[in-house]
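A.B. asks: Protein chains in written order, with our numbering: chain A, 1 to 299; chain B, 1001 to 1332; chain C, 2001 to 2321.
Keep in mind the hints are simulated off the structure, nothing from the lab. Mixed in with the good hints, there may be bad ones.
Claimed, not checked - Here are the computed distance ranges between Cβ atoms for each label pair:
| no. | chain 1 | residue 1 | chain 2 | residue 2 | range |
| --- | --- | --- | --- | --- | --- |
| 1 | B | Asp1148 | C | Val2115 | 25 to 35 Å |
| 2 | C | Glu2085 | A | Gln185 | 27 to 37 Å |
| 3 | A | Gln185 | B | Glu1308 | 46 to 56 Å |
| 4 | C | Ser2060 | A | Val60 | 29 to 39 Å |
| 5 | B | Pro1016 | C | Arg2317 | 30 to 40 Å |
| 6 | A | Ile159 | B | His1151 | 43 to 53 Å |
| 7 | B | Asp1074 | A | Leu40 | 49 to 59 Å |
| 8 | B | Arg1062 | C | Arg2186 | 55 to 65 Å |
Just so it is clear, the structure is predicted and the values come from calculations on it, not from any experiment. Where is the CB? At the ideal position from N, CA and C, for every residue including glycine.
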Amino acid sequence: MTFELSANEEATAVPASGFLAMLRSIWADRLGRIGLILLLLTAVVALLGPLVFPFNPADVGVDSSTILQPPSSAHWLGTDELGRDVFREFLAGARISLFVGIMATLISTIIGAGIGIAAGYFMGPLDTALMSATDFFLVIPALPLMIAMGAIFGQNLLIIILVIGLLSWPRTARIIRSQTLSLRQRQYVSRAKSLGASDARIIRRNVAPHVMQLIVANTILVVAGCILAEATLSFIGLGDPDRISWGSMLHFAFVSGAVGLGAWWYFLPPGLGILVVVLGFTLVGHSFERIANPRLKGH
Amino acid sequence: MSLLDVRDLRVSYGSPDGDVHAVDGVSLSIDAGEFVGLAGESGCGKTTMAMAIPQLLPRNARISSGSVLFDGVDLSGLDEQAMRAYRWKDISVVFQGALNALNPVQSVGSQIAEPIRVHDSSVSSAQADDRMRELLEAVGIPSRRAHDYPHQFSGGMRQRVMIAMALACRPRLVIADEPITALDVMTQAQIIDLLQGLSERYNLAMLLISHDLSVLAQTCDRVAVMYAGKMAETGPSQDVFGESNGQAKARHPYTQRLLRAYPNIHRERVFIDGIPGSPPDLSRPQQGCRFEPRCDVAMGHCASIEPELITLESRHLAACHLLENDRSGVQS
Amino acid sequence: MPPLLRRFLVLCASIFAILTFNFFLFHIIPGDPIRLIARSQRLSPEQVAKLREAYGLDGSIFTQYWTYLKNLAHGDLGYSFALHENVADVVGRALLNTLILLTVSTTVVVLLGIVIGVFAGSRHGSKSDSATVVTSLVFWSLPTFWVGMLLVFIFGVWFGGLPISGITTPNAEYQNYFQYIADIARHLILPTLTLALVDIAFFVIITRTSLIEVMSEDYMLTARGKGLSRRTMVWKHATRNALLPVVTASVLYISALVAGAIQVEVVFSWPGMGLLTYNSVLARDYPTLEACFLIISVAVLVANFVADLVYRRLDPRVAVA
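One chain only, chain A, in its complex shape (with noise of 0.2 Å):
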């Protein structure tokens, strides 16, 4: 037997039209537009940029007067310790930092909102063991586990994006908890369900839906995040030795101490790299929230 709630009830999917309205009203907010603008410029140099300018990590210079040159017409933005093009390597560098960020959101993501939503839904003892786990992992302090496995399980790209998401999945749970909590207890979950309606049923069509839009803009502040902790854990040497991050463009700036050298052309793009892509996370992340939720006070 086959059952429809009426129309009224029954909770839409986000339409694909409602996301260009979203995109529209970002736009019209000037600090999403802001972040869009950044987040569209750091796509098109990492898309485009090394298809223009590849960067060839072999192309090491020859002598020791060609390492940490300052930027001349042959490299844009000079050398770096090795004698290579700062300008080429900076390009690719982009690739890894978005890469690794997006990835490990993905994970983190998945994971929190299927935890979140789990909790919520089915309350009870599952509820208290899914989110002990949660606290407990949102206590202990993200940076140092994240160094602690790197070291023990190793450095590559696959470790890193699972360390990482792996770290971030608490936050996101606890706040799809909350959501889903809130519209569990409305009455058209519990007239679904007395009218027979499975449990993965109801929330793919009832609940997934409403917490669509709060995982959307979780999300896109948790990319932020992990943008930045690829970044610092390539900084502090634990990134994969054989791609080019811009954190592992800092980690060799700061090791061959380029930094005390005055080498600003190798120290300064990357950081800046990282910086808009977090900021264009971020104010479009808020700027999403905002219009998501307009009771939201205080913005």
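With chain A held as given, fit chains B and C onto it using these hints.
C.D. replies: Below, chains B and C without anything else, positioned relative to chain A:
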């Protein structure tokens, strides 16, 4: 001279859909020591009217015209700093909903004592403390509870705290905005008795706002009934709310319907004789009498010409075209 | 059970959970922890055998766990072959240095952040409010270590005058204790500035939002009705209430604070727990790394507990005992 003389006050709120004229030409006067009631449905403008007196309106509200004369001084022309001198010292407010109106992280005693020293720096903290305890006792709260916090009191006791607080600087006028609405009937009676007693004892003028007509009838010397931002009827409470020979003495159709809406627990009739329809949209008020759409005795010109307040007997006025012929020669 | 006692028991349980998690992470997951150490430090067979015994590796997991707990109870955090010292001694010194840095910088960050947040919140809608919010968002998006590098560059290379590494000037001689303190203070300036530039933003945003919400509460209208000056209203009535959510949020800050401190210590070579962690990763000094992780985690748990106590003190609606 009256203590408070509000003349032809107009207050409007700015909103994205146009200005809402919450108070549209209302006059009210209160003499020293007088207990006046302000009645009306929700949204009729009585709270706006009351908050306009100590200039406590929200940011998007403006007094567009009229004056609020207190002791001859027009308060509407004063800036915030000048107004502060009047607040609490001359005019204080007992707000609705005491739990939210009291600071949750400050002890009750300190909240009561605070305005005393703010308005009179010559008072020492010990003296302020003594007066605070006096006030607590006067409202029926043991003074040893001065160090407790608002959440530790029941609703009725919190309202008493609000009243004690309102009396801290010995004001001449106390505005009580729906002080008993959120309380149970027994507590309501206690608080009303308290307010009456305090008003007599300290010779306070009081403006009591309520949609509960029975309370107003019981306690007030005079009452004013507002409808949709305008004054409908005002006069001594026994004239406006009283009965003679089983008939209500109220003259305005709205007041009459309001009184009829109250079920009498002694009589048989069980069904509520409410007033059909709902109050008008105050951003687009109609030309004539605002009550006309819901009035069952409206005449032809009621919809196009606004009725003025007509003096009926001594100090009894009402705004209705039906009463044109009852206009008395007595000035009030 | 009084809430305070219950909270304390939760703290103890959490510490125990961290100890176990730490054991799991450093002793079980790597398989053979001795192999890890031996490989990176090049130990002799006798040393390896002694280690095996000290770790109780001849026995089952439970024996190892019990040995681990026993050692901890005695304050034995193992031996660092890279540093040739007991880990406990190394960590003890580093911890003190980190505490000095954190005490100073947290005070600056929290006080300034709250004050600026209250200023911005009380001027909600004004230009200075918007400017404050935007500035805060920008600064919060900065990587702390990069800000440190910039400051090293500006003050080490361009202007000079401020020490850019260490906790004291090398080979300095002091005539009195005061000079020693002054030297440390000078070395504290740039690390503290780095942390402040990034972290103040957190408190500004949280405090501002909280204050704006509080200002719209009914009791603020009462305060205004009482004829209180705007300054009294904002700083005495509103701020007391606005601080409550800020204390709650500061629990989230602790994690960010630790991350920031690690980065700052690395950039400025401040000899604290952060630098120790960094160096032990570079040298693959697992016993030290393990101890660092453990101490830092326990410290965070204790800090959370203290924040909870502070909250209970501030909010009379929450029972203390």
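A.B. asks: Against the structure shown, which of the earlier numbered hints fail to hold, in ascending order?
C.D. replies: 2 and 4
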